[in-house]
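My request is simple: use the sequences and hints to build the entire structure.
Order-wise, the sequence lines are chains G, B, H and S. Here the first sequence stands for residues 1 to 214, where the numbers follow the numbering used here. Here the second sequence stands for residues 1 to 214, where the numbers follow the numbering used here. Here the third sequence stands for residues 1 to 214, where the numbers follow the numbering used here. Here the fourth sequence stands for residues 1 to 214, where the numbers follow the numbering used here.
Rather than coming from a laboratory, the hints here were simulated on the basis of the structure. Glycine included, each C-beta is placed from N, C-alpha and C at the ideal position.
Stretches of chain H that chain S covers, calculated by requiring three or more beta carbons in the stretch to come under 8 Å of a beta carbon on chain S:
# : stretch
1 : 29-38
2 : 106-118
One side only, chain G facing chain B, incomplete, derived with CB under 10 Å:
# : residue
3 : 52
4 : 53
5 : 107
6 : 110
7 : 175
8 : 207
SDA-like cross-link-like pairs, simulated, lysine to any residue; straight-line CA separation at most 20 Å:
#  : chain 1 : residue 1 : chain 2 : residue 2
9  : H       : 213       : G       : 214
10 : B       : 116       : H       : 141
11 : H       : 213       : S       : 212
12 : H       : 213       : B       : 207
13 : G       : 116       : B       : 210
14 : G       : 5         : G       : 58
15 : H       : 131       : B       : 22
16 : H       : 131       : B       : 83
17 : B       : 213       : G       : 211
18 : H       : 131       : B       : 76
19 : B       : 131       : G       : 153
20 : S       : 213       : G       : 210
21 : B       : 213       : G       : 103
22 : G       : 131       : S       : 49
23 : S       : 116       : G       : 139
24 : B       : 131       : G       : 49
25 : B       : 213       : H       : 212
There are 4 protein chains.
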Amino acid sequence: MAAPKAIEPLAQQLSEAMAAIHHRGWCDGTGGNFSCVLQRNPLQLLMAPSGVPKGAVRPEELILVDGSGDVLRGQGRASAETLLHLAIVQHSGAGAVLHTHSQAGTLLSRHYSREKDGHGALELHDLEMLKGLEGIRTHACSVHLPVLANDQDLARLSMRATPMLADAPHGLLIAGHGLYAWGQGLPQAQRHLEILEFLLEQHWRQLLLQALKR
Amino acid sequence: MAAPKAIEPLAQQLSEAMAAIHHRGWCDGTGGNFSCVLQRNPLQLLMAPSGVPKGAVRPEELILVDGSGDVLRGQGRASAETLLHLAIVQHSGAGAVLHTHSQAGTLLSRHYSREKDGHGALELHDLEMLKGLEGIRTHACSVHLPVLANDQDLARLSMRATPMLADAPHGLLIAGHGLYAWGQGLPQAQRHLEILEFLLEQHWRQLLLQALKR
Amino acid sequence: MAAPKAIEPLAQQLSEAMAAIHHRGWCDGTGGNFSCVLQRNPLQLLMAPSGVPKGAVRPEELILVDGSGDVLRGQGRASAETLLHLAIVQHSGAGAVLHTHSQAGTLLSRHYSREKDGHGALELHDLEMLKGLEGIRTHACSVHLPVLANDQDLARLSMRATPMLADAPHGLLIAGHGLYAWGQGLPQAQRHLEILEFLLEQHWRQLLLQALKR
Amino acid sequence: MAAPKAIEPLAQQLSEAMAAIHHRGWCDGTGGNFSCVLQRNPLQLLMAPSGVPKGAVRPEELILVDGSGDVLRGQGRASAETLLHLAIVQHSGAGAVLHTHSQAGTLLSRHYSREKDGHGALELHDLEMLKGLEGIRTHACSVHLPVLANDQDLARLSMRATPMLADAPHGLLIAGHGLYAWGQGLPQAQRHLEILEFLLEQHWRQLLLQALKR
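Rendered as structure tokens:
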């Protein structure tokens, strides 16, 4: 079993990642949330408190939550979305989860949610950038990014997400809400986030271009 | 009654907020204006002087105006728009007002102003980001952002705005002009501004995407 | 007659303005050029040398040219476009000229150039941002931004531009090329540049939105 | 024969160029790669290692590869794309190669690749910005940016690219992948990159505008 990571350097890295993500316009207002596994056994998650602007959280303002989402250390509440962060780190093996509200993510998550039940998927294919997702070796492939209906009951939403986590391309969309991206550690999660956000913006432009050809 | 806030830290925060807002391209040229309540009784408003680029105003260059819009302290004139800032802090309970000229705000404020009288409204619904507006607990709601006809007579414009302030979602649009966003204090107003600007840009993309589906 | 301005502070301001303009993506590559009047009688213009990236010119790398466009001081050549800068400062009374290559400026300059002779105009109206242009007091007005055909013969291009300078709204477009904006001094020219670039980007979005309504 | 350039200043410049390129969103995730010729005889190329985010590579983390793509010095692997970098420096005379994954580059590289074989070309004409490409003196010209089909076999891709390098406008596109831009040295390559990325984004907007006119 790996020894618990020192909390200070991880908190510093997470705080810097959040500032960079806000700078790109992917977590405006108090949108988004971001977490890292500090230790696995028992599970401890370092994350931003709920209801604050995520681009200006200092390392010492991050909170520590346990596997049930209860705050172990730090000021402030844990977001209701903590349950989905926990489901992801428990079922995908991820060590970091980055949840953003970008323009393209919000737009396409709605566009591809089916009228019937709000679920759906977005297909991405034949793009070199797909190779930035762990495990993909060629552009000549097709990836399905799951879309889940939005739900304020996060226990129910997390339960719906769980069976999709193993096959999801290190990310999934919540309809009218945004993207969750994850990775083995924070650097991998940051890479997957940038790749998926790039691909979402690219897909939006492709929709425009295809419409022009008609 | 709350003691008056110290002027220096508030001036520092307002100056930094204005620089960040300019950095996003929401107050180009000499566009926009920004104010904070320093004290309520009698009312004193800290704000940027008129006719200067708002992204580079130093704390000591901010002016102090009274409840009639007269300059109590500082160099420079108060903008004619001070009257609308005052109406908002007096009738909505806001402690800070941020007025921006963004691309999406300008575009949609015109698009949704009725030909007849220039007034109108923009409906925002089913988006998680709505929860960033104080008082909203679920994405499953619908919010109407009022649009007022533009008017160089700010006393008249403020009078027209006043009855809308209690129900407005911490913001309103002036047609062909831009957004006013407010909040209990400066941090809340900044949050509401980022949320509303995000939702306006998102709405613009939704209009494009819906047109493609036809 | 005003005494000549000290060269160092003006060079510092011009260098900083150029860095900010590059940061916005308005002078990529070696595009654009930027000048300030150092003295009027005889005319001396401080400007960037030709063929260098304009966002990284240090104050001491700026050159000084006379009223004929000959270099009085400094390393490097004067751009052929110096002739148009000189025409503007001589015929509009401007003390600073900022020439940019933005996406919207390039696109619309082409769109509004007539097939016959390459000239044309772009109408801007009913926008509060117009009030950022010196001399405009209300949004309820209409402004025509002239478009000139592009020409590698800058003496001829400057001669064609000259009769338009008095009525132009502190700016004009060269087709497929970009924007010239000017003002009494550097701060006014920067304000006019931001205003005109905002209005060009806004006009582009209006064209998209109007097309959707059809 | 020119003496080999000192490695440290070149590494510093390349690291700074990569950070600036990431800042513009042209190499998200681990996308893109960037190289400079350190010496010609025998050939030594300074470049970023494979599989790392290119915006945060410190000068001492750059690797040195020889004319076969083998790592001479430094940690980390050379990207498979090193073969194309080498083909470019050997056949075009370039001293620096910058490979980006921008939104417009990715989109248009796909749009202009023929269904039959994936190859194609994108025509750029009548734009002043073309003059930022070495050797072009007037906007009144037409330039063809080659598009090659994407291929994970980089030896084969490089062989296909080689005959196009002499006539290419200091750049070429790989379909669904991105742009390669080059120049005599790093500053020229950076200039060509900014010019070509500007022209690609401009071309995308032109496609939208033309579709609206129909």
